[in-house]
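**Q** Letter by letter, the chains look like this.
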Amino acid sequence: DTEVTQTPKHLVMGMTNKKSLKCEQHMGHRAMYWYKQKAKKPPELMFVYSYEKLSINESVPSRFSPECPNSSLLNLHLHALQPEDSALYLCASSDSGRNQPQHFGDGTRLSIL
Amino acid sequence: EDQVTQSPEALRLQEGESSSLNCSYTVSGLRGLFWYRQDPGKGPEFLFTLYSAGEEKEKERLKATLTKKESFLHITAPKPEDSATYLCAVLITSGTYKYIFGTGTRLKVLA
Numbered sequence: 001d002t003e004v005t006q007t008p009k010h011l012v013m014g015m016t017n018k019k020s021l022k023c024e025q026h027m028g029h030r031a032m033y034w035y036k037q038k039a040k041k042p043p044e045l046m047f048v049y050s051y052e053k054l055s056i057n058e059s060v061p062s063r064f065s066p067e068c069p070n071s072s073l074l075n076l077h078l079h080a081l082q083p084e085d086s087a088l089y090l091c092a093s094s095d096s097g098r099n100q101p102q103h104f105g106d107g108t109r110l111s112i113l
Numbered sequence: 001e002d003q004v005t006q007s008p009e010a011l012r013l014q015e016g017e018s019s020s021l022n023c024s025y026t027v028s029g030l031r032g033l034f035w036y037r038q039d040p041g042k043g044p045e046f047l048f049t050l051y052s053a054g055e056e057k058e059k060e061r062l063k064a065t066l067t068k069k070e071s072f073l074h075i076t077a078p079k080p081e082d083s084a085t086y087l088c089a090v091l092i093t094s095g096t097y098k099y100i101f102g103t104g105t106r107l108k109v110l111a
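Top line first, the protein sequences correspond to chains A and B. Note that our numbering has the first sequence beginning at 1, numbered continuously upward. Note that our numbering has the second sequence beginning at 1, numbered continuously upward.
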């Protein structure tokens, strides 16, 4: 079982809906990440939080809004998404050292109708 | 431009047939190279970290090596359960820290 837990596992939403993805880790990691992965493609970095502060935003559209309420939780708020946003959304965490490996959750499979 | 390329894109092996996967990189400021395994419908699972040329790491049937331009993941006597997509990722510093994934190698091991 993965030590990074993501909920829900699957989500279907309309383009006008508002929903949130959640991620939780209890490994004491101080860096957390959101990735987007399309079928047969590698993960693409979206956001990085370091010590609960947003440190990297890879030019992600504003319809994706990240939030880090505390060191164990990471949310991704979704609003007015487009069909091309359908993908697997992965959360990861790592130790605070920059060259530490990332530990991934199993993702949320998102489908936009 | 920083690039990470994996080859082959897909590989089919018979059980017990050893082979190597390649991860080539053209980047500046390499801080580490990571190998992951990803099963369908799952997140990537961490395998190895390599930090400097000449470094090697081993785990069961897998061995990862690193040179100044590429990394190899050697699979010795693979079993069907080794079937997965293998991803490499590099951590670089170019003004800011950046994590770049390769395109992956889809491995199928036949019984």
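Be careful, since some hints might not be right.
In silico SDA-like pairs for lysine to any residue, Cα to Cα no more than 25 Å straight-line [claimed, not checked]:
(1) B:Lys98 <-> A:Leu113
(2) B:Lys69 <-> B:Lys79
(3) B:Lys57 <-> A:Glu3
(4) A:Lys38 <-> B:Ser83
(5) A:Lys9 <-> B:Glu1
(6) B:Lys108 <-> A:Asp106
(7) A:Lys40 <-> B:Glu1
(8) B:Lys98 <-> A:Ala80
(9) A:Lys36 <-> B:Gly54
(10) A:Lys40 <-> B:Ile100
(11) A:Lys41 <-> B:Gly54
(12) A:Lys9 <-> A:Pro101
Quick caveat, the hints were computed from the structure, so don't treat them as lab data.
**Q** Compare the structure with each hint and give your call.
**A** Structure-based check of all given hints:
no. : hint                  : in the structure
1   : B:Lys98 <-> A:Leu113  : 33 Å, violated
2   : B:Lys69 <-> B:Lys79   : 29 Å, violated
3   : B:Lys57 <-> A:Glu3    : 23 Å, holds
4   : A:Lys38 <-> B:Ser83   : 20 Å, holds
5   : A:Lys9 <-> B:Glu1     : 35 Å, violated
6   : B:Lys108 <-> A:Asp106 : 21 Å, holds
7   : A:Lys40 <-> B:Glu1    : 23 Å, holds
8   : B:Lys98 <-> A:Ala80   : 28 Å, violated
9   : A:Lys36 <-> B:Gly54   : 33 Å, violated
10  : A:Lys40 <-> B:Ile100  : 16 Å, holds
11  : A:Lys41 <-> B:Gly54   : 29 Å, violated
12  : A:Lys9 <-> A:Pro101   : 23 Å, holds
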